[in-house]
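If you read the protein sequences in the order shown, they are chains A and B.
Under this note's numbering, the residues of the first sequence are numbered 6 to 245, in order.
Under this note's numbering, the residues of the second sequence are numbered 8 to 383, in order.
Take these hints with a grain of salt, some might be off.
[What the hints assert, rightly or not] With a straight-line Cα cutoff of 20 Å, these simulated SDA-like cross-link-like pairs (lysine to any residue) come out: (1) B/K108 / A/E102; (2) B/K108 / B/P42; (3) A/K30 / A/G186; (4) B/K108 / A/P185; (5) A/K30 / A/P242; (6) B/K108 / A/N105; (7) B/K108 / A/S201; (8) B/K108 / B/E63; (9) B/K108 / B/D47; (10) B/K108 / A/P109; (11) B/K108 / A/G186; (12) B/K108 / A/N51; (13) B/K108 / A/F31; (14) B/K108 / A/L114; (15) B/K108 / A/P182; (16) B/K108 / A/I184; (17) B/K108 / A/E233; (18) B/K108 / A/G112; (19) A/K30 / A/R236.
Hints were generated in silico from the structure; no laboratory data involved.
Bear in mind that the values here come from a model prediction, so they are computed numbers and not experimental data.
Okay, here's what each chain looks like letter by letter:
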Amino acid sequence: MTGSVVAGIGWITSQGPGGGREARKFSMAPGPIPPVTREDVFPEPNLRFGRLPQYSRVGLAAVAFALRDAGMEHWETKRSAGIVASTRAGCLATDIEYYNTVLPEGGGLPSPNLFSSTLPTCFLGEAAIQFGLTGPTLIVNDPAEDALGGVRMALESLSWGECGTMLAGHIDLPAEPAIPGIRPPYTGGLFMVLESARDAAASGYGTLDLSGGGAVRRDGVEIADLNELVRACLAFPRPS
Amino acid sequence: MNEVLITATASITGLGPDLDTTWRRLLAGETAVRPIRRFDAGRYPARNASWIEGLESRGNRSLLYPLLERLLDGIGPLPPGCRLVTATTKGCIDTFERVRKGLPGVVDDIPVSGPLTWLASRLGLSDPGVNISSACASSTMAVARAAAMIESGSADAVFVVCMDLVSEFVFSGFSSLQALDPAGCRPFDRYRNGLSLGEGGAALLMTSAESARGEGIRGIGSVVGWGAANDATHVTAPARDGCGLIQAVRRAMAKASIGPDDISAINAHGTGTVYNDSMEVTAFEAVFGSRRIPLNSLKGAIGHTLGAAGGIEVAVGLRSLADRTLPPTAGFGEPMERCGFPVSSLPQPIGGRYLLSTNSGFGGINVALILKGNPE
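Pulled out of the complex, with its shape left as it was, chain A reads as follows (with noise of 0.2 Å):
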């Protein structure tokens, strides 16, 4: 398989926003994700991300955080760019936020902009939206422990030649304590860019192909699972 670039690098942790080379501390271990607000991510007013419950915010800010290390944020013509993010529990805390206004001891007047956010694949349309992308958006659960179902499908996507550019990543909010006994073994959003490597102009931080047995290896080294694989990343020199 050919290998493609890992072009850039944003997230929302428990630990706050992060994204690219300076960021260098990483973690998407359980825990809660502080509240993300417009002021974080976009320096300028932005009609929809007020509007936004937390999981569509955390996955939209850590696209933009992404695209804005790889250098890709701004745009002036829409681009054949796809999106694939693996997730556990997906909008489960949406689901929860929208279903308390379906039930009368809620009101019993379903709110229909959380409703518009309560599929796991709303967010990859604001983030489409947001950043003028045109390619395949999905969300895969995976029940794979290592987060990185999304990343594989987006290398298969590039290597099949769907796309020149895929944003790939994990995204999971934790669903306690208003229903117990679901826990996301990662909690946060995560994106890297990934750019077909005869498309891409630097190395950026390594270059990603999968086995023949569908691991994935970043510069032909097996990668455990997503925390392995950023961390290996921004340990990845800059290139002069």
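Given chain A, put chain B in place with the hints provided.
Positioned in the frame of chain A, the structure of chain B alone reads:
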């Protein structure tokens, strides 16, 4: 590049427990959209949906499991090494509702990994599988993904299972968006006024042609083209100019190495909302120009089955190609403005071998598939 065959199909819809029954009732122009009995819909302006008769919860488990049991009834052993790809938008949403109401429910069923793990075990697959969520195009995306896996050689066989339930959670949301037609959905009709929800499932066994031929299996038909694009315009409304759907259809035709003149019929998303149906006609006119290709939608008959829609439409689409007949569009009466494509409340003949099937969804996603029937 490997050719991608579909060698087995199954479906369950409000019209029937199997594809034969659904097909027969589709041809008769029947609809399964009727008053909801699953929850009290009295507080909503629209009170109809297409639901499956007789689904019963066992042991406080989701209704999705008896739906899947019925769907998989009669599915034979899967090929060794077969991969599993599922599609759903809300999975065991009824379990979520129970738990949030303080009723007993199996919490592990709430994440989609719950039914995914159940399916892998039920089917005896070593592959734990993945679920693809892409709004109302989830199963169309799953079929496209499975086709790409087989074409590229990364899988030899993929079992695609698509599913979604009617629930108050989803019903209340579409009601709050004023997107439900109290009279039942009327795709491509001049007086269309919204969608009707539905529930159902589909199962598709997709294999490489080489493997199928090695087993002496001819297959039901092929997936020869697929394409996906986001219109990057609005989260809940389609792009008025159909830009995303146009791009998805053109990508699918390019993948299939065919042109607009080769398409014989279109099974559209056809939700019956004012903007969706207008967007689709705009997009198809941009792609097909003045060609008047027979067009239909199944959603007046079986409702909008969300994450199951595309999969059911593939199963029905292959039957359409085999029988050279496009089923009627239930609910259709008077043609909508500026639609030159033949839509009918009666079956329409199909002349060629390629059928285009499309779905679009929240978040701006559009996915197109091109199905090819077997030669006589």
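Structure-inconsistent hints, enumerated in ascending order: 2, 3, 7, 12, 13, 17
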